[in-house]
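Asker: Sequence:
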Amino acid sequence: MDADDNSHTSLDIGEVNFVDTLSGHNYGDVSGDLTLPGTVGREDSSQYNTLDEPIKDTIMRDLRAVGVKFYHVLYPKEKKSLLKEWDLWGPLILCTFLAVMLQGEAETIVLTEKGSTVRYGGGPQFAEVFIIVWAGAAVVTLNSKLLGGRISFFQSVCVLGYCLLPGCIALIVCRVLLFFSHSTFTFIIRFCVSSVGFAWATFAAMMFLSDSQLPGRRGLAVYPIFLFYLVISWLIVSNSDA
Numbered sequence: 001m002d003a004d005d006n007s008h009t010s011l012d013i014g015e016v017n018f019v020d021t022l023s024g025h026n027y028g029d030v031s032g033d034l035t036l037p038g039t040v041g042r043e044d045s046s047q048y049n050t051l052d053e054p055i056k057d058t059i060m061r062d063l064r065a066v067g068v069k070f071y072h073v074l075y076p077k078e079k080k081s082l083l084k085e086w087d088l089w090g091p092l093i094l095c096t097f098l099a100v101m102l103q104g105e106a107e108t109i110v111l112t113e114k115g116s117t118v119r120y121g122g123g124p125q126f127a128e129v130f131i132i133v134w135a136g137a138a139v140v141t142l143n144s145k146l147l148g149g150r151i152s153f154f155q156s157v158c159v160l161g162y163c164l165l166p167g168c169i170a171l172i173v174c175r176v177l178l179f180f181s182h183s184t185f186t187f188i189i190r191f192c193v194s195s196v197g198f199a200w201a202t203f204a205a206m207m208f209l210s211d212s213q214l215p216g217r218r219g220l221a222v223y224p225i226f227l228f229y230l231v232i233s234w235l236i237v238s239n240s241d242a
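Using the working numbering, count along the sequence shown one by one with no gaps and you end on 242.
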């Protein structure tokens with residue numbers, strides 16, 4: 001019994017010393033604050049508590065953060081701007097815009113007086129565009145991770161989603177052109193505009209993601225990105241509903 005008591009006493013003393021060591025080094029403190037847009041690296045983060053601020057201020061701060069990321073996509077000179085404070089608000093907005101604008105009506109077949117048939121509509125539906133964008137971004141991100149990418153899954157999805165902005169701008173220009181004419185010349189202009197949006201989106205994504213890949217595997221990581229934006233650009237240029 002004495003031996004058991006001594007062993008229990010020594011264990012209790014050891015546990016106390018172990019707890020004291022942890023508390024002295026703050027290893028057990030796992031509390032923290034959610035990172036807010038624009039506060040990464042600031043020491044006075046306590047003043048950015050959003051629990052008591054008006055909803056309007058919270059929304060406006062998030063919108064400004066999304067606007068800053070849009071600017072970096074259009075002018076991609078700073079490579080880590082989309083990786084430090086990633087979010088999915090911008091990709092969700094752009095994906096929803098693409099799905100709404102590219103949504104086509106049900107295909108209808110009209111029989112003309114000469115006996116020929118003319119097909120109208122038949123474009124992609126909202127859910128189809130939505131799935132293409134998000135599933136494509138997930139596949140490209142998974143490929144990047146399998147190749148040894150040094151960024152998180154959601155960081156990569158954030159970059160790919162924000163880089164849809166050039167394609168969305170190209171879509172707006174194409175829809176404006178379709179209001180005036182459906183001629184072959186208009187199609188050539190739409191094709192050129194979509195090509196510029198595709199090239200700019202691919203270039204911006206490569207600028208943000210290239211440094212996260214191993215030097216010998218960057219080509220394998222860029223190829224799926226190229227295909228992803230190529231599919232989106234083809235949806236844009238092939239959409240003829242005005």
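Derived from the structure by calculation, the hints contain no laboratory data.
A few of these clues could be false.
Below 20 Å or equal to it, Euclidean Cα-Cα: the simulated EDC-like pairs (lysine to aspartate or glutamate) are [stated by the list, open to error]: (1) K77 x D211; (2) K84 x D52; (3) K56 x D211; (4) K145 x D62; (5) K145 x D211; (6) K84 x D62.
All values reported here derive from a predicted model rather than from experimental measurement.
Asker: Give a verdict on every hint.
Answerer: Against the structure, the hints come out as follows:
no.	hint	result
1	K77 x D211	holds, 13 Å
2	K84 x D52	violated, 25 Å
3	K56 x D211	violated, 37 Å
4	K145 x D62	violated, 28 Å
5	K145 x D211	holds, 13 Å
6	K84 x D62	holds, 15 Å
When each numbered hint is compared with the structure, violations occur for hints 2, 3 and 4.
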